[in-house]
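J.: Chain by chain, the residues run as shown.
4 protein chains.
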Amino acid sequence: MNPDHREQIQRLNKIQGQVKGIVRMIEEKRYCIDILNQIKAIDKALQKVSRGVMERHLNHCVQGAIQAKDQAQSSEKIAEIMKLLDTQK
Amino acid sequence: MNPDHREQIQRLNKIQGQVKGIVRMIEEKRYCIDILNQIKAIDKALQKVSRGVMERHLNHCVQGAIQAKDQAQSSEKIAEIMKLLDTQK
Amino acid sequence: MNPDHREQIQRLNKIQGQVKGIVRMIEEKRYCIDILNQIKAIDKALQKVSRGVMERHLNHCVQGAIQAKDQAQSSEKIAEIMKLLDTQK
Amino acid sequence: MNPDHREQIQRLNKIQGQVKGIVRMIEEKRYCIDILNQIKAIDKALQKVSRGVMERHLNHCVQGAIQAKDQAQSSEKIAEIMKLLDTQK
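Chains as they are written, first to last, in our numbering: chain A, 1 to 89; chain B, 101 to 189; chain C, 201 to 289; chain D, 301 to 389.
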């Protein structure tokens, strides 16, 4: 398997453990602010996976379409990215 | 168990399934944009858990401290929330 | 005037100058990434104003309502904050 | 002037007016939540300008570099975008 994929999967496995950790925190009635900080940590970890996928996408799929001078494909790729960014916020 | 907690735990269990789904999407080399949209869906689901915990926190812990007219406690509670919001972005 | 208000107004005046600066950058056809970084700086400055107003709100209006043991008012205040946070993202 | 630039400048002029409006709201001691909602509206308007500049950047500068098959330039363009997105959050 691609080493980049392996890294993402390791991150995602860690995130799964963190989500399970939140369940435990709620069951143990831990302090809300601690739970919220832990959720924020998961959010950041997910963000990192997302950035990795995006970088790969720009470097492969998008560059490929543009280099192939396939104008329709290139425009579609850019429209997809803009749509994703728009709904990000 | 508190019905509010039960709802949060159900959400977190669903999130765990979604994270596992991303692993599968990467293994199956699915299209990057589809993976990114799926990560965004998890992000929104986590956000909902976070809002629920925050609402509970404001309605219980924070109101409690303020009603008890414990000024030091109230100020600390508000400082905690501000710190959390500051690092949110 | 309240020193806290004075500080916010100074920040907002600076932000107005920064927005005018972006107009100039566009007119001078400056590099897109430089413009985007400058917009991000404005966004952060606005965020600071927003945090300041929120902190004041929690420390004054919200604490006031809760201390007055006005349950309807307190609940409304907390609902307002939650609504604001929900649409933030 | 480019019609796209004209549109962005109109938006920025409107944003300047909105920032001035916040100053007035603070001077008139308007309700905090109303001020916060107004700041959020400015934030969204700025976001729109930012998205417009980004879209133009992808369609012109980035496509140009990739089509020219200038690998160093293309990689730099993509790195710039990733850096911008990383600090966005």
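Please note: incorrect hints may appear among the correct ones.
[Claimed, not checked] The list that follows gives simulated cross-link-like pairs (lysine-lysine, DSS-like), each with its CA atoms no further than 27 Å apart:
hint: 1; chain 1: B; residue 1: Lys120; chain 2: A; residue 2: Lys44
hint: 2; chain 1: C; residue 1: Lys248; chain 2: D; residue 2: Lys329
hint: 3; chain 1: C; residue 1: Lys269; chain 2: C; residue 2: Lys283
hint: 4; chain 1: C; residue 1: Lys229; chain 2: B; residue 2: Lys169
hint: 5; chain 1: D; residue 1: Lys348; chain 2: C; residue 2: Lys283
hint: 6; chain 1: D; residue 1: Lys340; chain 2: C; residue 2: Lys283
hint: 7; chain 1: D; residue 1: Lys344; chain 2: C; residue 2: Lys248
hint: 8; chain 1: B; residue 1: Lys140; chain 2: A; residue 2: Lys44
hint: 9; chain 1: B; residue 1: Lys140; chain 2: D; residue 2: Lys340
hint: 10; chain 1: C; residue 1: Lys248; chain 2: B; residue 2: Lys183
hint: 11; chain 1: A; residue 1: Lys83; chain 2: B; residue 2: Lys144
Calculated directly from the structure, the hints in this document are not laboratory data.
J.: Provide an ascending list of the numbers of those earlier hints which the structure does not satisfy.
T.: Failing hint: just 4.
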